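Novice: Protein sequence lines correspond, in order, to chains A and B.
Start counting the first sequence at 1; every next residue gets the next number (the working numbering).
Start counting the second sequence at 1; every next residue gets the next number (the working numbering).
It should be emphasised that the hints constitute simulated quantities derived from the structure, not laboratory data.
Fair warning: this is a prediction, and the values are worked out from it, not measured in the lab.
All residues carry an ideal CB built from backbone N, CA and C; glycine is no exception.
Check each hint, because a few of them may be wrong.
[Said to hold, decoys possible] Calculated lysine-lysine pairs in the PhoX-like style (CA-CA distance at most 25 Å, straight line): (1) A:Lys40 to B:Lys46; (2) B:Lys59 to B:Lys46; (3) B:Lys37 to A:Lys40; (4) B:Lys117 to B:Lys37.
[Stated by the list, open to error] For each label pair, taking beta carbons as the anchor points, the in silico distance ranges come out as: (5) B:Arg71 to A:Ile59: 32 to 38 Å; (6) B:Thr15 to A:Ala94: 27 to 33 Å; (7) B:Glu105 to A:Asp22: 36 to 42 Å.
[Said to hold, decoys possible] Derived, one-sided and incomplete: chain A residues facing chain B with beta-carbon distance under 10 Å: (8) Leu18; (9) Leu19; (10) Val34; (11) Glu37; (12) Leu54; (13) Phe63; (14) Ala66; (15) Ala72; (16) Leu99; (17) Ile103; (18) Glu211.
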Amino acid sequence: MSVADSRAIRFYRALLRLLPFDFRSDFGPEMETVFQEQHKEAGRLDGAAGVLRLWWETIAGIFRTAPGEHLAMFRQDAGFALRMMRKNPGYTLAAILTLGLGIGANSAIFSVVNAVLLKPLPYEHGESLVTLHQQAPRAGMLNQPFSVAEINDYRTQSHSLDGLVEYHNMNFILLGRSEPERVETGVVSWNYFDVFGVKPLFGRAFRPEDEHPGASAVLMLSYEYWIRSFGGDPTVVNKTFTMNDRPHTVVGILSPVPQYRQPAGPHDASFRPHEAGNQRAPGASRFEWRSRQFAAGLSERLSALN
Amino acid sequence: MSAAQSNAEPFGPLTPSMFHVLLALAGDDLHGYAILKEVELRTGGKVRLSTGTLYGIIKRLLNDGLIVELRSRPAESEDDERRRYYRLTPQGRQVATAEAERMDEILSIARSRNLLKKTRTA
């Protein structure tokens, strides 16, 4: 056998591995013999063109046959397995229960590990987001609320923060629709959505001027509330509703992202910027930093001033 | 429907390639390579079976009992031990006959409608 022939047979043998093991065991040696003869004849009669044609037909034939053979083998094995399971119902039930418990337990564990450890926060640079809590141990307060002035101090005096936002939640009555509606509202810093990397679906996010004293009151609607209460109508942007005895204009609709909320509670239907000048934002108890180094020095300086 | 056709019904319609293999074995007991050459010769090179296609067909025909592998083999000097010879069973012959009768009926209809001008002989 020439070198070319033995190489051809080796390649053909590798091609046969596409076929099921049982099929190869039954017919493999015979198929090799037949192919060898075909290969010799093709080379003798038609030269390289004949050999290429033979290879093309052979490869196509194997690829046509292999899936059907694998399926037939699978059907045969599945049928056998089902017959065996029917003959031994007790053993089958024990096996199913064991598998079910194992799969269920693993799925539950993975769900927790995925949610807590693996899945990144659905926000931009989520790994750099931290929550800060302020304490006043002398007053016996472990979760001291922040005032707006304190937030501004942290914002202006810290050198290691990329962004600083504040959030707290309030309930308001929204007027201007067919019926008054009580809405959960997040009261946030103007750059709240910028820090989280959330872009509005329609309209705009808050701007610095929205926080200025005397600025017109504005609102952003959450995606879920917009779909639920306004049927996804984009013309709600620039409409005005009354909230907290003031007209509020809807400036934007949020895109569908999971809402940040601590502690876990009903999601906010709307958001509004908090108003500068308040000495202490009611319920303000936490804010988020986007920072790679916690500004410990700044915190101590501010504590010393209190 | 003839007796052959009613006996062949459980096996369903044959593919052209399967029919060619049965036709080849209807003439004589053959090994795999000889079947390939017989089909190619009879069809004037129009039908060329690859090894994958041929042995997929042989496996199915063996499972359905239409062909059998021969236990007795030709004389040693003419034989390669890796070759396996196949023979058409009586059932296989019935199935091939039924298929041929079915095709003959179709050809008769085609001739009656002047789709076929003249008969051809093998």
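Novice: Against each hint, give a clear statement of whether it holds in the structure.
Specialist: Now the hints, each set against the structure:
1. A:Lys40 to B:Lys46: This hinted pair holds, its Cα atoms lying about 20 Å apart.
2. B:Lys59 to B:Lys46: Between Lys59 of chain B and Lys46 of chain B the Cα gap is close to 23 Å, so the pair holds against 25 Å.
3. B:Lys37 to A:Lys40: holds (14 Å)
4. B:Lys117 to B:Lys37: violated (30 Å)
5. B:Arg71 to A:Ile59: 32 to 38 Å: About 34 Å separates the Cβ atoms of Arg71 of chain B and Ile59 of chain A, which means 32 to 38 Å holds.
6. B:Thr15 to A:Ala94: 27 to 33 Å: violated (45 Å)
7. B:Glu105 to A:Asp22: 36 to 42 Å: At roughly 39 Å between Cβ atoms, Asp22 of chain A and Glu105 of chain B fall inside 36 to 42 Å, so the hint holds.
8. Leu18: holds (9 Å)
9. Leu19: holds (8 Å)
10. Val34: holds (5 Å)
11. Glu37: holds (5 Å)
12. Leu54: holds (8 Å)
13. Phe63: With a minimum Cβ separation of about 8 Å from chain B (threshold 10 Å), the hint on Phe63 of chain A holds.
14. Ala66: holds (7 Å)
15. Ala72: OK, holds: Ala72 of chain A within 10 Å of chain B, min 9 Å.
16. Leu99: violated (33 Å)
17. Ile103: Because about 36 Å separates Ile103 of chain A from the closest Cβ in chain B, which is outside the 10 Å limit, the hint is violated.
18. Glu211: violated (74 Å)
Comparing the model with each earlier hint shows violations of hints 4, 6, 16, 17, 18; every other hint is respected.
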